[in-house]
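Asks: Protein sequence lines, in the order shown, are assigned to chains A and B.
With the numbering used here, the residue at position 102 of the first sequence is 116, and numbering never jumps.
With the numbering used here, the residue at position 110 of the second sequence is 120, and numbering never jumps.
Hints listed in this document are in silico derivations from the structure and should not be mistaken for laboratory results.
Check the hints yourself; a few may be wrong.
[Unchecked claim] Derived lysine-lysine pairs resembling DSS-like cross-links, with alpha carbons at most 30 Å apart: (1) B/K24 x A/K85; (2) A/K108 x A/K29; (3) A/K72 x A/K108; (4) A/K108 x B/K24; (5) B/K67 x A/K19; (6) A/K56 x A/K71; (7) A/K29 x A/K71; (8) A/K82 x A/K71; (9) A/K72 x A/K56; (10) B/K24 x B/K67; (11) A/K82 x B/K81; (12) A/K108 x B/K67; (13) A/K108 x A/K56; (14) A/K108 x B/K21; (15) A/K82 x A/K108; (16) A/K19 x A/K56; (17) A/K19 x A/K72; (18) B/K81 x A/K72; (19) B/K21 x B/K81; (20) B/K24 x A/K56.
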Amino acid sequence: QQQVKQSPQSLIVQKGGIPIINCAYENTAFDYFPWYQQFPGKGPALLIAIRPDVSEKKEGRFTISFNKSAKQFSLHIMDSQPGDSATYFCAAAKTSGSRLTFGEGTQLTVNP
Amino acid sequence: DTGVSQDPRHKITKRGQNVTFRCDPISEHNRLYWYRQTLGQGPEFLTYFQNEAQLEKSRLLSDRFSAERPKGSFSTLEIQRTEQGDSAMYLCASSLVAAEQFFGPGTRLTVL
């Protein structure tokens, strides 16, 4: 059972563009929603995370939008740079639990 | 460097051999997690420790897999009688606050 669905699978934008990656979850018990950035051959790095008591969280150029009623959340990258080219994963978890459940990933390419 | 470390970074083995991986978490983190990631997919949860106690195991963790965290510090993941389907990136993560997990660089296993 795929509990976190992520789209699109790949995304190409020009430098300065605003890529948007979307995730949808099924389990209403999830209450922690992080985004990770992964470069080839490296482990995932925690970028930003949100809890369902807020609808938006911003850290630097990264913003999470959260829609609890739709069970959806998205990552926006402002003023994207070629160095942002990586694979991005959304995830979900119960803070009372242990495991993160990851989406399938989005391969982002930012062209110069 | 105070991040999560994993050793070795790469391991090539022949089918049927046993392999062991080590993870050193961030020093004050009492929670430790193992995940497996195959090419083009998000990480999948394997097991979770709080201090030295193994509190949760995924159904992915067959009886050929065993994990330990003997003194609540570093952890080892052993795979016995490796199969080609075990080829993957094995990721370790640690956390102080439940769900906020920080990943290591991973161990890339190739089974020939």
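Asks: Going back to the hint list, which numbers does this structure go against?
Replies: Failing hints, ascending: 1, 2, 4, 11, 14 and 18.
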